[in-house]
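From first to last, the protein sequence lines stand for chains A and B.
If you read the first sequence in my numbering, its first letter stands for residue 1, the second for the next number, and so on.
If you read the second sequence in my numbering, its first letter stands for residue 1, the second for the next number, and so on.
Keep in mind that the hints were calculated from the coordinates and are not lab data.
Ideal Cβ positions, reconstructed from N, Cα and C, are used throughout, including at glycine.
Take the hints with a grain of salt, since some may be wrong.
Covered stretches of chain B (in silico footprint by chain A; criterion: 3 or more residues with CB under 8 Å from a CB of chain A, positions within the stretch not fixed) [said to hold, decoys possible]:
id	region
1	14 to 22
2	50 to 57
3	263 to 276
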Amino acid sequence: MKNNKAQFKIQQMAFMILAVFLFFILIGLGFLSFQTKSLQGNYQQLQMDQAISSLQVLTDMPELSCGYLCLDEDKLRVMSRKSEQYAQFWPVASIKVYKVYPAFDSLIKCPTANCNYFEIYDSNQQNTQEYSTYISLCKRVKEQDNIYDKCEIGKLVVGVKIKQTE
Amino acid sequence: MINKKAEFNFALLFAIILGAAILILAIYGVMKISNTQRYTTDSEIAKKITIITDPLQAGFSEGKFGKITFNQETKINNICFDGGIGRQDISVSTKSGVGDEWQNPGAATSIYNKYIFSDEQENGKEFYVFSKPFYLPYKITDLIFLTSKNYCFIEPPTEIEDEIISLAITNVQVSTKGSVNCSSDALKVCFGGVGDCDIKIYGSCVNDCETAFDQGYVEKDGDKLEFIGNLMYAAVFSDKYVYDCNIKRLMYRTGKITEVLAGKADLMNSRGCNTNLWPDLVLYSSLASSASQADLVDLNNVAKDLDRKNNLELCRVW
Chain A
1 MKNNKAQFKI QQMAFMILAV FLFFILIGLG FLSFQTKSLQ GNYQQLQMDQ
51 AISSLQVLTD MPELSCGYLC LDEDKLRVMS RKSEQYAQFW PVASIKVYKV
101 YPAFDSLIKC PTANCNYFEI YDSNQQNTQE YSTYISLCKR VKEQDNIYDK
151 CEIGKLVVGV KIKQTE
Chain B
1 MINKKAEFNF ALLFAIILGA AILILAIYGV MKISNTQRYT TDSEIAKKIT
51 IITDPLQAGF SEGKFGKITF NQETKINNIC FDGGIGRQDI SVSTKSGVGD
101 EWQNPGAATS IYNKYIFSDE QENGKEFYVF SKPFYLPYKI TDLIFLTSKN
151 YCFIEPPTEI EDEIISLAIT NVQVSTKGSV NCSSDALKVC FGGVGDCDIK
201 IYGSCVNDCE TAFDQGYVEK DGDKLEFIGN LMYAAVFSDK YVYDCNIKRL
251 MYRTGKITEV LAGKADLMNS RGCNTNLWPD LVLYSSLASS ASQADLVDLN
301 NVAKDLDRKN NLELCRVW
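The shape of chain A in the complex, shown without the other chains (with noise of 0.2 Å):
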């Protein structure tokens, strides 16, 4: 009888630890739980952040600019065939420049005549947000012995990846 009572209150005792510790271990998979997902938001935001600061320091990049808020359309047409040799100098997923005056129905790829977007870098990734900003397409031209540089109104789309596909 005293036996039966001391390995009852054993097993009470083991019970009660172990039900103890399966608390703390619940507590600290929720706190994990947490502590990815926070992880997940920061990753995007910090993602984010890069995009939008990365629209300002490509139109100031020398592969790509005639000044300030401004790409070479020669260059885009240079640097959309070599889109390989860069491939992870990019700090974003994809970058297109579309000309977007006059407005069109549908998308040419240049170089083609008549074309009105260039795919300077597209990394194929699924999941991507796009940030754009307006910026003039200009181009160095000689009109009756003038030279000048002729300029359209463009728009710079940046591509961010907003999550890992892997």
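Following the hints, put chain B in place on chain A, whose structure we already have.
Only chain B this time, still in chain A's reference frame:
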């Protein structure tokens, strides 16, 4: 009675052992979580540093200055890799009162499109960041200088003194004749090798220069670092390893930008805006791509010649 005592003692012993095990496990868990948290925070800081430096790039201005302040002592590691475009891996470790004082650094953030000149490891609570553009002969990039140390430039040429004063770089003092004495913790930087200094800058530019210090070399820690233009600051604020590596990356980038300009010249020619620079650009591109620190001065002379030719063109490429 004896049996009861035995029962009590066994139950107590069982509870104590299990309790202690749980307590040890809990402390271990907390330490692990704390380390993971520090690793996460350090990784985030490294990423933030790369983002913070975006608006600090000079862009179309003559330069920009900013300060990064941390709550606790921080180590910033700047590991540079050359070869092609190359990269810099920026990682951070923060000092902590819990567990190890210095933990392994957090995950590194790789930077491919910036050139950060600093020591391989910078320590401190306050980091000074400023940038200056680099031209060869056209704009190549903005050079970013990151340091936690204080410097004192002793009797610099007027142009350099004006640059430092206009950028209000707070960790760089300028000591001219009869003014500002250098603070004791500042590294002394002398121009023309005059005086007893930690860092000595020698200028060698004689033709087509604003000052003799448009090109030359910097002597520090027994090393000789050749420079042109604003790379003078890079040689002062970074160690030889980071400087050499970044110069190779910069020269490769110069070659790549020149290739783009050669392509642009080709396109301009095809629509009647003629330029004769194409062959010069192709040659310059191949020269620049493989250049190193020792070739800087020669390359600068070729660049000046190229700039002169471009200025003579009606349809200028840049």
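Against the structure, the hints:
Figure legend: the region 14 to 22 of chain B, annotated as covered by chain A; annotation consistent (5 residues with Cβ-Cβ distances under 8 Å, at least 3 required). Only residues whose beta carbon comes within less than 8 Å of a beta carbon in chain A count, and the region 50 to 57 of chain B has 5; three or more means the coverage holds. For the region 263 to 276 of chain B, the stated coverage by chain A holds: 8 residues have a C-beta nearer than 8 Å to a C-beta of that chain, and at least 3 were required.
When the structure is compared with the earlier hints, no violation turns up for any of them.
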